[in-house]
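Going down the list, the protein sequences come from chains A and B. Going by numbering that gives the first Met the number 0, the first residue of the first sequence is number 0, and it counts up by one from there. Going by numbering that gives the first Met the number 0, the first residue of the second sequence is number 0, and it counts up by one from there.
Not one of these hints is a red herring.
A few chain A residues that face chain B, going by a derived Cβ cut-off under 10 Å, partial list only:
hint, residue
1, TYR10
2, ARG19
3, GLU23
4, LEU28
5, LEU53
6, LEU64
7, GLY154
8, PRO156
Rough simulated footprint, nothing fancy, chain A against chain B, three-plus residues with beta-carbon under 8 Å:
hint, segment
9, 7-14
10, 53-65
11, 69-83
12, 94-104
Just so you know, the hints here were simulated from the structure itself, not pulled from any lab data. Because the structure is a prediction, the values reported are computed rather than measured. Glycine included, each C-beta is placed from N, C-alpha and C at the ideal position.
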Amino acid sequence: MHLTREEELIYQGEGGDTRRRSMEILVALGDIYGADRLIPVASTQIAGVSYKTLGEAGLEWISDLRGTVVVPSILNPAGMDLCRWQEMKIEEEFARHQLEVIEAYRRLGISPDCTCTPYNLRPDAARPGETLAWSESSAVSFANSVIGARTNREGGPSALAAALVGKTPRYGYHLDENRVPTHRVKVEAHLEGSDYGALGYLVGKIVGGGVPRFVFRQRPTRDELKSLGAALAASGSVALYYFDENVPPAQDEIEEIIVSPADVREVYEKNSADEDVDIVAIGCPHCSQKELERLADLLAGKKVHREFWICTARGIAERCPRLVEKIEGSGARIFCDSCMVVSPASELHRKMMVNSGKALAYIPGMCKIEAAFGTLEDCVRVAAERV
Amino acid sequence: MEIRCHRVSGGRSAGKALVTREPISFLGTVDPDTGMVVDPGHELYGRSIGGKVLIFPEGKGSTVGSYVIYQLKKRGAAPAAMINLQSEPIVAVGAIISGIPLVDRVPEDLLSIEDGTEVVVDADEEVVRIEEPSA
Numbered sequence: 000m001h002l003t004r005e006e007e008l009i010y011q012g013e014g015g016d017t018r019r020r021s022m023e024i025l026v027a028l029g030d031i032y033g034a035d036r037l038i039p040v041a042s043t044q045i046a047g048v049s050y051k052t053l054g055e056a057g058l059e060w061i062s063d064l065r066g067t068v069v070v071p072s073i074l075n076p077a078g079m080d081l082c083r084w085q086e087m088k089i090e091e092e093f094a095r096h097q098l099e100v101i102e103a104y105r106r107l108g109i110s111p112d113c114t115c116t117p118y119n120l121r122p123d124a125a126r127p128g129e130t131l132a133w134s135e136s137s138a139v140s141f142a143n144s145v146i147g148a149r150t151n152r153e154g155g156p157s158a159l160a161a162a163l164v165g166k167t168p169r170y171g172y173h174l175d176e177n178r179v180p181t182h183r184v185k186v187e188a189h190l191e192g193s194d195y196g197a198l199g200y201l202v203g204k205i206v207g208g209g210v211p212r213f214v215f216r217q218r219p220t221r222d223e224l225k226s227l228g229a230a231l232a233a234s235g236s237v238a239l240y241y242f243d244e245n246v247p248p249a250q251d252e253i254e255e256i257i258v259s260p261a262d263v264r265e266v267y268e269k270n271s272a273d274e275d276v277d278i279v280a281i282g283c284p285h286c287s288q289k290e291l292e293r294l295a296d297l298l299a300g301k302k303v304h305r306e307f308w309i310c311t312a313r314g315i316a317e318r319c320p321r322l323v324e325k326i327e328g329s330g331a332r333i334f335c336d337s338c339m340v341v342s343p344a345s346e347l348h349r350k351m352m353v354n355s356g357k358a359l360a361y362i363p364g365m366c367k368i369e370a371a372f373g374t375l376e377d378c379v380r381v382a383a384e385r386v
Numbered sequence: 000m001e002i003r004c005h006r007v008s009g010g011r012s013a014g015k016a017l018v019t020r021e022p023i024s025f026l027g028t029v030d031p032d033t034g035m036v037v038d039p040g041h042e043l044y045g046r047s048i049g050g051k052v053l054i055f056p057e058g059k060g061s062t063v064g065s066y067v068i069y070q071l072k073k074r075g076a077a078p079a080a081m082i083n084l085q086s087e088p089i090v091a092v093g094a095i096i097s098g099i100p101l102v103d104r105v106p107e108d109l110l111s112i113e114d115g116t117e118v119v120v121d122a123d124e125e126v127v128r129i130e131e132p133s134a
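When you get a sec, could you build the whole thing from the sequences and use the hints?
So this is what it looks like as structure tokens:
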């Protein structure tokens, strides 16, 4: 890989040890993936935040780093609400370590906002055509597919290295040739809300790391695209999909997949809720303000009788205190900075009902509990049922 | 004998070779506090990688493996250096954040040298030196 003179000097250690190692990471990855050079990034989003996945060794590494990020950088969700962790029944020792992780990142100049939807919290975090180094797979998918920016699926250390150097190696989804559709997905069902999560859950398994091009009967909303991309990236490893006419031509004839209404229905039927459900969790990816508004409407005048978590970014919750008050009046709880997938608090339950295709794919493996799937309306209904 | 190689993580270090033809997933295979290989399914089961020049084809498994390498280094149980046929991101990142010299793109023959052979890995100069066994 070609390095400029300035990059070479950092690589040789002139910018200090942290920057040298960061540059080494970028060069090593560039060499492995055949990048020709480094390109500047507009922002980074860094995974490796939940102490559950990071562990003692990861915390030590981040705490030992010295330096300051050179581009706006934001964190992935943590293992708990940073303020209300006791209500999540998080143990004190975990909480202490989790707060140390956040503090270590903050010392590097990284914003302690922990969210998988940085594009909702800060609309200027990604603009069309920009180069990014984002980690969280649903955020990557949204940036590539909906915003029209370009990012690979970064690991924690490579996103942090990009943040400290301000660059990323040019390979993968930064190149036009890797952004052409590999599958055409004709959706014959009329979809709404959580149906998009079900669709992503189905199609991700088929296309793996491909680039699906969807043909819909209706135009999905921003929140629906968020759920679709999240599920595609969880059941497969999709980092880019197309959903409208704005699509580069496929190079060869590509495989066609047809999704019928029965296919989508089956996801609900195979994963329907039963009396084992002891928690309902919404907000994977983190709820937008619109989704909080919808929840407030659905919960108006109701009391929930099961544990009910609603996960969002702290900045979003702070923007709408009246919505938070209305929702929490029902007994549901809005947890910020975290989510049901990365928090160890999920493990204290038996069966979790979700409206997210991504959570459906991850909960059994990552939290070792069962998962059920339903629409947002079903989730609210089950939460409000007398047990 | 001198072998050309490609620098992944800089530095220079030496030690006795520990060689395997099997890829290594650091998470789950190696105890992060002691450097012992604890996976009974691995060829190196029961051996310690601490202080050795660990020669293996490539890494595999969870990305948390990078942090396991870092923890090994902090506990003084990390390899002195590592050599891969072809490095992948988990071991590459782990070696770099831990300051362990790592080189790759060496000939496959290197996987047939004897355990215990003295090996010098000079990643900065992109060369591996192997002591000839005394006759």
